[in-house]
Each structure stands twice: as C-alpha cells, then as structure tokens.
Amino acid sequence: MAARRRSPGPGGTATHLGEALPLERKLALYRWMRLTRTLEERLVALYRQTKVVGGLFRSLGQEADAVGSCFALESRDVMSPLIRNMGAMLVKGATPVEILKQYMAKADSPTRGRELNIHFGDIGPAGTTRGFLGQISPLGDMVPVMAGVAMSFKARGEDRVGLVYVGDGATSTGAFHEGINFAAVQRLPLVVIIENNGYAYSTPTSKQTAAAQFVDKAIGYGVPGEQADGNDVLAVYDVTKRAVDRARAGEGVTLIELMTYRRKGHAEHDNQSYVPAGEIERWAAENDPIDRYVRVLTEREKVPVATLAEIDAGVAAEVDEATEIAERSGTPAPLDALEGVYADPPRERPLWFREGADVSGLGQERPEGWGTWDAGKGGAR
Amino acid sequence: MAARRRSPGPGGTATHLGEALPLERKLALYRWMRLTRTLEERLVALYRQTKVVGGLFRSLGQEADAVGSCFALESRDVMSPLIRNMGAMLVKGATPVEILKQYMAKADSPTRGRELNIHFGDIGPAGTTRGFLGQISPLGDMVPVMAGVAMSFKARGEDRVGLVYVGDGATSTGAFHEGINFAAVQRLPLVVIIENNGYAYSTPTSKQTAAAQFVDKAIGYGVPGEQADGNDVLAVYDVTKRAVDRARAGEGVTLIELMTYRRKGHAEHDNQSYVPAGEIERWAAENDPIDRYVRVLTEREKVPVATLAEIDAGVAAEVDEATEIAERSGTPAPLDALEGVYADPPRERPLWFREGADVSGLGQERPEGWGTWDAGKGGAR
Amino acid sequence: MAGTEITYLEAIREAIDEEMARDPEVFLLGEDIGAYGGAFKVTDGMLAKYGEARVIDSPISEIAIVGAAAGAAHMGMRPVVEMQFIDFIANAYDMLTNYVATARYRAFLPCPMVVRGPSGGYVRGGPFHSQNPEAGFIHTPGLKVVYPSTAEDAKGLMKAAIRDDDCVLFFEHKYLYRRIKGVMPAGDHVVPIGKARTARVGTDVSIITYAATVHKALEAAEKLQAEDGLSVEVIDLRSLAPLDDEAIVATVRKTNRVLIVHEDTRTGGIAGELTARINETCFAHLDAPVLRVTAHDIPLPYAPALEDFVLPQVDDIVLAVRRLAAW
Amino acid sequence: MAGTEITYLEAIREAIDEEMARDPEVFLLGEDIGAYGGAFKVTDGMLAKYGEARVIDSPISEIAIVGAAAGAAHMGMRPVVEMQFIDFIANAYDMLTNYVATARYRAFLPCPMVVRGPSGGYVRGGPFHSQNPEAGFIHTPGLKVVYPSTAEDAKGLMKAAIRDDDCVLFFEHKYLYRRIKGVMPAGDHVVPIGKARTARVGTDVSIITYAATVHKALEAAEKLQAEDGLSVEVIDLRSLAPLDDEAIVATVRKTNRVLIVHEDTRTGGIAGELTARINETCFAHLDAPVLRVTAHDIPLPYAPALEDFVLPQVDDIVLAVRRLAAW
Ligand SMILES: Cc1ncc(C[n+]2csc(CCOP(=O)(O)OP(=O)(O)O)c2C)c(N)n1
Ligand SMILES: Cc1ncc(C[n+]2csc(CCOP(=O)(O)OP(=O)(O)O)c2C)c(N)n1
Ligand SMILES: [Mg+2]
Ligand SMILES: [Mg+2]
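Protein chains in written order, with this note's numbering: chain W, 1 to 381; chain X, 1 to 381; chain D, 1 to 327; chain A, 1 to 327.
Quick caveat, the hints were computed from the structure, so don't treat them as lab data.
Any given hint could turn out to be false.
Stated by the list, open to error - List time: in silico PhoX-like cross-link candidates among lysine-lysine, alpha-carbon distance up to 20 angstroms:
no., chain 1, residue 1, chain 2, residue 2
1, D, K159, D, K195
2, A, K41, A, K159
3, A, K159, A, K49
4, W, K264, A, K41
5, D, K195, D, K254
6, X, K264, D, K159
What the hints assert, rightly or not - Among the chain D residues that face chain W by a calculated CB cut under 8 angstroms, a handful are:
no., residue
7, I63
8, A64
9, A72
10, R104
From the three backbone atoms N, C-alpha and C, an ideal C-beta is built for every residue, glycine too.
Hey, can you work out the whole structure from these sequences and the hints?
Spelled out as structure tokens, the structure:
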C-alpha cells in the first residue's frame, strides 16, 4: 500500500494535458486562483466588520484543487461544490458580487437570504444556466443528487458530465457510499473528487479511515481511481480532464483523490489548536498552490512578473467593485419569507398572529458568536 | 481484476485449519448443516399448512457458509445473523424449538410473538448468554450495531470477538459502509462476512455493484480482505477462523466474501422467474454444500455412510420432537402486547376504548398472501 | 380500461402506466421493480413495456435512489421511486426532509418526484413491514403526502402526484392492494391533491380518517346505523399534506361531534394536528371533545392476536362513536 | 460546583463530567468531541480527563455512531452520542426509530443511551443548523425526548438521561448555551424525566412551552402583567416524551385558557398532540380554544429579517394571550 502523503511537496503526477494548455488558458487558471484568494481575504475583512452573517469558510491553500478541477469541465457540464470550492464556482461562472451578497444575506443575493455562504447554484438545460448545483449542509448528500443529474444526461443522450466534490470527512457518510455505488453501477457520466485536505473539522484523516489512501476506495466500486497533487493546478486539471473525458465517452464514474491541505481552521472561529505545531507553516512555506504556480509560469513559461501583477491588480479592482455593489444591496423584507415553499400554493399565508401585523421590527438581536471573529465563541458549519 | 465467480465448482481456497479439525468436530459441522436443511424442510411443510405466520426464508445451498463461519467462533463471541443464517444460529445455540415457535408466533417463542421468523437473539455478558444478536429488517443496520458490541469488548479488555453477516445486496447500504469504516478506524474485533449468493431478492450482483468482487472493498476500508468458496464448509471455517484469530489478537476488522448461491427464491412465494434457465439446477447438481461435504467425509475422511445416516436420523428425530413441542404452545394473549416498550413504565395502559373491553376476539382475519405458499400472491420480507 | 373493476394495486399500476405513456420524462426507480415487477408486483410489466432506461432496478440504497431522483427531477425528469416497503423510507429521512423538501425554497429548484411504497398493517408484517410513517413527513414543509383508500383515488392521486411540481410521498396501503376494487372513471382521471372525500354522508357524528381505516370506519358506520340508528359521516382525507381544512370545518360544523381514526400510533400522529385545527376553527361548534381511535403507542408486533390488539378495530370505532353521540 | 453561576452549556458539561466520574460505563462518542471539545465546546476538557477510550472522535457517520452506541448499550455500557448539530440526527432516523426504539420491545434488549446535540434557531444558522426535530421522534414509541430551558434542568435532565435505562434524545438549545445561567443545586442534582416545571405561576391564562420559547413566554408574561394586569402561568414541559399529563391538566383546569408555544414548525408539531390531550381530558374546562404560536411552515431561512419572521417572537405571544384573555 502506498504511504499516506500528508507532508508537503510537489507530487509526481504527469501533467501532459495541463502542460499542453495554451498560455491564455494557463493565465486564466492563475487568475481564478488569485480571485479566489483575494475574494476570500475580502470576506475575512467583512466578517471582522460583522457584515458577514454566519460563519466564514476558507479554502486557503486549496485554490489549485478547486480551480484546476473545475477548469476541466465544459460550460454545459454540471458541478456541485463544497464549502471550500468557491474557486470552482468562480470558474463555473458564479460572480464575486453573488458570493458577497450571499455571505451578507442580501435581499438580491442568489438565494434571497435563505441559505448561507456559497450554498447557491444555477442549473438547468444546457446553455441556459452556468451549471453549478448548490450544496446542502448534510455531508455526502450531493453525491446521490449529482448521480441523478448525471442520470438525466444519460437518459437524454446529452453530451454532458457531472462532477461532485466530497471532503475526506464526507467519505465516511452513507450518502457518499450509496451515491457513488449507484452511479458506478449505472455507468453514469460522473466524476467524484475527494479533496483530502488532511482534516475534517478537527478530525485528522487517520481517524476518518484506516485506508492508506482514499483512492483505494475506487476498486471497491469498480471504477478507475486516480490520485494527484492537489496543490499543482496543472496536475489537478490533468487528472480531472482525463476523468471528464472518460465520463463523456460513456465510460462511467472515476474517483479522484486530490492531496491538499487545509491551512485555515474549519471556519474562521476555529483556532486549529489540534494541529501539530509547524504543520501549517510548513505547508504555507513549501506548498502554496499559487506560489508554486507563479514559479511554473515565470520560470518555465517565461511569463513576465508584470503580467501576473497586472492580473492581480485586475482581480483586486474586481473585488473592490463587487464589494461596493454588494454592500449597496438591502436586506430581505420579512414577508419574502413566505414565498415559494411549494409551486402550488406559491405563497404561504402568515400565521394568524401575524395577519396584518407590522413585522418590520421583530427580533433583530444579533446572537453572540455569529458573524464576529472572536475565536473563543462557539458556532460551526 | 479477478473475474466474478458466478459459476459453480469448488474454489481453490486452502483449508488447513479446517482439515486439521478432529473428526468429531468435522462430524459436528455435518450435523449442523443437516439440521439446518432438515429444519428448513420442516418449516416448508408447516408453511404449506399455514402454520407459519408470515414469510419463509430458505438457505438451501448456503448451509456451509452459515455453519462453517459461525463454527469458528467461541461461545463467548457474539454473532449477528441474517435471514439466511439459521445454520449459524443453530451453531451458536439457538434451538429448533425456539425457531419453530418463533416462526409460528407462539406465546413462549423467543420474542413472544413480537418479531418474525429468526429475528431473535440472546446476548449479554460472556458465560450468561449464547451470543447471537437478532437482526432487524432494514439491511445493513447490524453492522454498526455489531461494531458497538465489539467496541464494548475492546473497552473492557474482554477476549471476545464479533461477527456480522451481510448479503451482497446489503453492501450497498449506507449503514454497512459507515459501520465497517467505523469499526476499521477503531480497530475493533469484528469480522464482517459478505455472503455473495448472487442475488438480492431478484437483483443480480451485477446490478448491485460494478466491482469485480466484493472483497475488493476491503482495501478501501484499510482492512484485510479474503474470499472463499462458501459451499466448502472447511474452507469457510478456515477463512473465518483466521479472521477471528486476527480480531482476537487485536488486529481489527477483516472483510470476508463467501461465494455461494441462493437456490431458493428470496422467500417461499418468490418463483425465481428472473433466474436464467438451468442456473439453479446446475448449482444443485454440481455444488450442493452438503453433498460436497459428504464426499469429503466419506472419501477423504473414510467416514462410513452409516455414521452419517445415523446423524441424519438423529436430526430427523430432533426436528420431529421440536415440532411437536412447538406446536403444543399457545398463541400470545392480546394484553401481552402492552408489556415493555420502556423499562419505566414497564407496561403501557390500554387506550380508553379498550379499558376493560374483551379483546379476545378482535380482528383475526388472516390476510391473503401471508402464511400460505401460493406463489402468485404478494408479500415479501 | 374504463368499465371493468380493477384492484387498488392495479389502479396504481394503471396510473403509472398512463403517465409513462403520456410523458417521456416519467421513469421508475427502485429495488426489484424491473424483471421482478416489485415485491408486490405494482410495476409488473413496466420493464417489458418501457425498457431498462425507464424502469431502473437499483442497488439497496434508499438514500441514493431518493437523492438521484431529486437530481434528475431538477433537470426536468419525473422520477417515481419505489420503497420496497415504506418502512425503509426512514433510511432516506435526511435526503427527503433536508434535501428534497427544501430544494424549491432554498434554491428555487423544482423537485417533482413521487416516493411511493406499500404501507400499513393488518397483514402480520411485524414491526418493519407495517409502518405508517406519515407523521414524520407531514411535519416537513415542502413535502406533500397522500394516502388513498379506494382504487379510484389510488389511480387519480397517483396521476396527480406524478404531475405535481413538488415531491409527493404516496403511501399505498398493502392491506387494500388486492382487497379493494373499483371501476375507474373514463378518461384522464386525476384526483386533485389537497381535497378530502366524503366517503359516507351523515348528520350525527363525523369520522375523519384515511387509508385502511376508512373501511373500518365505514363498517362501523353501517353497524351504528343498524344498531343505534346513528347517522355517521365518514371523511376520507386522502391528502395528509396539504390538509383539506375546508372539508374538515364543513363536517365538524355539520355534526358537531368528531372522531378521528388512524392506524398510526397515537402520540404525535396526525390526529393531534387535526384536533388542533378543529379546535382553532370550530371551537364554538363542538358539542363534545374530539376523540381519537388510533393504534397503541407500541412497535407493531406480528402475532395476530398482538397486532389486532395494538391496531384500531371496527368495534373500537363503534364504541367511540357511541360515546360521542351520548356526550 | 454548587454556589457559582454557570451557563446552560457548562451545566450540561458538568452533568456529563459527574456521570462519567460516577459510572465507568459512561462514554462519549461523536465528531470532533475529543481534542477539539465539540463544535460548541460542550465536551471541552473531557478527553484530557477521561482519555481516548472514553471520549471517542468518530468519522462523519451518524448512522454508525448511533448504531454502535446501541450495540455498546446492549452490553451494559452507557454511551452519550453527540450530533454535531441536531439537524444531522435525520441521517440516523432509521437507526433510531427502527433499531434503537424497538430494541427493548422486540428483543428485550436494554438500550440505555443518550443522543444529544445543539438544536434550535434564533441564531442565523439557516435551514440546516437551526432545526427542532422533536416531532419526528416523539412519534416513535420506545424513545424518550427532553429539551431543557434552564441551566439547572439542563444538568439535572442530562444526569437523568444518562441513568435512564432507555434511549433519551437530549436536545440542547444553542441560543441558550451561553445566554442562560443558573446556580446548580448542591449534591447529586437529578431532574426526573417526564415531569414538567411551572416556570411562572399565574391564574388567567396558561402558556405551555419548552426550550428557548420558555424565555420568550416569560418575557411576554411580564409584559402582559405590566400592561394588561394579566396573570400568566408558564409551564415548561422539559420532557416531550413522555409528556407530563398531570401538570398539563392541572394548569388547564386552573386557568381554563391555554396557549401552546413552540419554535418548531406548526403542522405536525407537538402542539397538535398537546391540544388533543387537553381536548380529551379538559374539554369541559376550556373557556376558549387552545391556541398555538409556532414557527411558520417554512424551512428556516438565515437572513435575520427572514428568520425573525418565520420564528415565534415575544409580541406574537403577547397578542395571542390577549386574544385568549378576551375570548
Ligand atoms: C452528515 C453531517 N454530519 C456532520 C456535519 C458537520 N460538519 C460540517 S463540515 C464537517 C467536516 C467536513 O470535513 P471534510 O469532509 O473533510 O471537508 P473539509 O471541511 O475538510 O473541506 C463536519 C463534521 C455535516 N455537515 N453533515
Ligand atoms: C434498507 C432495506 N431496503 C430494502 C429492504 C428489502 N429487502 C429485504 S431482503 C432484500 C434483498 C437482500 O439481499 P441480500 O443482501 O443479497 O441478502 P440475501 O437475501 O441474498 O441473503 C431486500 C431488498 C430491506 N430489508 N432493507
Ligand atoms: Mg477535509
Ligand atoms: Mg444476496
């Protein structure tokens, strides 16, 4: 059995497909990663200003994994992200404005203030939507759901592929197991990516599985399994592209394990006391996916540093502008809560004690521990 | 990948431990298999007389798998059977009288008429009970529960092992996955046996998994996996004994796949229309576990045919006697239904419309399709 | 076919068949529903008629089939999922209550799907093949729940459920599968979800019930008419979510005496919700307390004498109505 | 420690600590409960004190941890299982309702275990971190359910739950975790399961409630006293299964006017069951219909204005009590 790779350092995966990308697309990869990081940094600032409602979840150090994998999809394909896949959502067309509004629970946010952080989506017939499906909190549930999305592609003979992310922790759920098994048996066009970032909340992978590596689960589902260095964006692209191609060719499910590392806590309030000393610093110093990719671009691809600086500036401006737009939006009107539990009736009636009542000033207390960055307070997603 | 072995014929598993058993124990194996078959045949007769309440489930052709595996346990160990593991229950000390009473829903049956067929158990501290835990119908649930039983052994430093059976079909459940993964991570003394009998109700294994073989799931849980010919009772004993020894030595979980074949329908009412022509007959002719073992005993072990005939006669007498005893028992009194939902209160009160009412003649209609052997009628477990 | 009498089970099959013929997006998913035709043969013949792409035998994975149905439903398909026994819907409780029920509200995603399966007791099925799990779901906003008692409604509600733009849980009473028969109305027979049915007109006492106990209530009503001269109205709810408040209010205001009967266990069963609604809307019209005849709060045992004790029976209803009439 | 004021959360921790010290069979099982001390730090310090054998960090497997707890409980251990958020108890619905709840009845197997977790809303947690799933479980015979509103009860009920010989679901309201404080009674403070508490004595109208809305009811009661001179009695159920019928009957017969308040959604919530019981036992004592103030039947949205609209608030209770008093 291969040893568990929990130490930083570039992996040995071949990146032929990634290397063959035209420079323009290679720079796009850089831009998405930079946008992800910059936007998250902005969210941290807003969180500390208590403008974010609820918790904040970072993907620091995992940007390559999210961006590189989703980059292998076509626009007609459908992807279901996790909390740490904001980068994948950006690639698939989610905008910083949407994300900021959503985190701030604005009235015109994608879910109109109904769901948290990046729990939103846009799916439907090819060509009409961007093709990402919002997750729900119970882990693993998106695997069966994405199997169903892929089932619709197969049933209709559409040339579309589904991709679903799960964390190392979520592999322990019944939903993950039932979903991937179902998809495998039905030979659905689905790529399942396990993002092994070493932790599930505070739980290290050694307490999540006794397997040497998650990719070892593939054979038990009768599907090809591949592992790649999740912090090498081209390697991630490569392994995902191969899997997507297989799915598109009717060869069914692939299970991919991307080796990465969660440098921030589960959410902003988590002080990571459970992490061995020096581990985070080592990954930051030796294996930051953006730093690594900058070296690839500047050293191997001979991209001038100024080009990257220009991209960075563009990203910063985009995030500034998005923040301004998002902050301008208002909060939802209380009565909006009544719309659309069912198609029919389209609207619930207010309960008798609210009929005609003025509901503008209800409640409004801000619970302690939510929407602030005091690490000592409870609350988790 | 190894090809899926779905055709009959002895497998190639070594049977050193089995072969080394003293003759007396080898004959015990024969007796348990014969008792299983004879008792089930008696149940069929009672079923056709509509004396069995509910469905009847056969293990015809799978006796070696149930008996050989459970034979590897010590009396202090705990085992959780499936519907087709009556043989294992007999080995663990369940009596034909109990089984017959249970199938006939008698007042003094092990569950006093509360649960079906062989859904009953007897577990507790070592030495006080026989060590088998009754299953419930939802498939896969016994895997986590047996993980918990094994956890208690580990927590207390007891020298005891748990064994749990699942069908090929039940491997698709979330409960199986979560349970074996949990047990593997915790290195619990648990043996998990997948009985691959080719079908889950009408569903062939090819629609249950895309894996070449179920034992391929072992590596994904980080546990040893072994496969054996489930119709070779000594091979079954062998592979299970090794796993039990590992568990006892603190080496954690083993996943075993036993290759066998379900020669009867899911239950007696199932006419097996979905089975390819000739398949059942071929297994019956070429790979009956009792026939095979008779040959081993008479040819290799030189056991006189008369010895086996004597065992058969003993078994027949035992089943006759057990039937007589079981038939003499009465049905439960209606008010027994109120006892023991909770420890406290120990008894529910009858609802107001039953207070003091004569409840002896309520209902009593026998629904069509239950407890008869008319294959056309519905009903399944 | 209009004109001939068919069973409750055949009526369900006919509805599924007609909807599959009408709408190519309708497909079936479940365990042993293809070649075998389902544990109770509800989908018998469907594989032959519609092929493997539309009649899909699944692994034993209730979470996956409900979740996959949701994903397909988002994309415009119309899955009809079978639970081999409705008892196993418990395995998909998270997927149904957390994912499916909230999809439209939290994500504006349509999730038109039907989850159906053999439900209910009186068949010596024991604790895991006799359940009535409706209470755990009518509690969840976003789900619809129906539970028919007649062959006509079984067909008409199934057609409505398949056409509904939200998830409908369709409970089929296995005791009624082959016992209850009916002649299907001609044409495209659709029974709207959310409307109760007056199973028997009466003026003295109302019984509100659904599924198998509708027939127990009707039997009791006949007996009460014959022996006591009491005129009993029987309301068959048919839809448990949404409830037909109008029909409930109408019968209560008419008779002023209400008995609620359900086969489900007592505590937390739907009778509580009905009592609350009646109390809120008809307090001044009640001449007696709303009474309940239900199962005892006990996991259903399988020995006939025990099952019969735990479940509500005709004589219980007779006794309860007499008590109400005499209040 | 007696004498000092501690929070609701600390009270739970203290109870668990005392029971672990008292009984070596008690152990903890859950996600991130060890080194991290749990998402809300309820089990903080337990790993250091009791070691890895008794404080077990599990994979993300709600089915497995509930099932494993049951197996260990059969063998005489006393597991206390944490759901990281109670919302995820839905994943273990089958294991709890089918396996655990029925173990004693169908197999004479004791299953003494506690399943606990942070519950409830008012915290901008959105649809999957704010749930009140009690209705899905009080419906299941064989389970007990408690949901305390004070620090004292949180401690005393946790101790009772751990000592109970059956499975107790212990819902902890996360809005109360750090807001509500109390001084623990000295000694071995155990609050019996199944007994309600009179949170405020009154004579005009009774409010029956539990968990976070107890505090909303008390606030409303003060306002009604001050503004209307109304004397409102507040009953804190504490135990939802079994219910304290005696206490319910007593308060209804005293005030003859009842408001039931719960944070759970309306349809199928426990208010229905309470109304049915009150109607059955106190019909002649009711001077007004039993009214309900509950959440709307909507998945809980997370924007503050939306959450506040969907959940019951103090002013709603005030309005409802006024309506009742004026009946
Ligand atoms: C079924 C379920 N149980 C528990 C949780 C609480 N929870 C939220 S995130 C998390 C850890 C997830 O870890 P992993 O899957 O590795 O993803 P990562 O955060 O590392 O990306 C847990 C336990 C949940 N959301 N769903
Ligand atoms: C969770 C669940 N879903 C569905 C069923 C209905 N069911 C009972 S037995 C069975 C087939 C079981 O097949 P397998 O696990 O291979 O065991 P075998 O009968 O072959 O021994 C099914 C689908 C069930 N009992 N539990
Ligand atoms: Mg992780
Ligand atoms: Mg099988």
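Tested hints:
1. A distance of roughly 14 angstroms separates the Cα atoms of D/K159 and D/K195; the hinted pair therefore holds under the 20 angstroms criterion.
2. With a C-alpha separation of about 18 angstroms, the suggested pairing of A/K41 with A/K159 holds against the 20 angstroms cut-off.
3. Between the alpha carbons of A/K159 and A/K49 the distance comes to roughly 18 angstroms, so the proposed pair stays at or under 20 angstroms and holds.
4. A C-alpha spacing of about 19 angstroms is found between W/K264 and A/K41, which places the hinted pair at or below 20 angstroms, so the restraint holds.
5. For the given pair, D/K195 sits about 18 angstroms from D/K254 by alpha-carbon distance, which is consistent with the 20 angstroms threshold.
6. Taken as a hint, the X/K264 and D/K159 pair is broken in the structure, with Cα atoms around 37 angstroms apart against an allowance of 20 angstroms.
7. Using the Cβ-Cβ criterion of 8 angstroms, the hint placing D/I63 at the interface with chain W is satisfied: the shortest such distance is roughly 5 angstroms.
8. Nearest Cβ of chain W to the Cβ of D/A64: about 4 angstroms, under the 8 angstroms cut. The hint holds.
9. A distance limit of 8 angstroms between C-beta atoms decides the matter here; for D/A72 the minimum to chain W is near 4 angstroms, and the interface restraint holds.
10. Evaluation of the D/R104 hint against chain W yields a held restraint, the C-beta minimum of about 6 angstroms falling below 8 angstroms.
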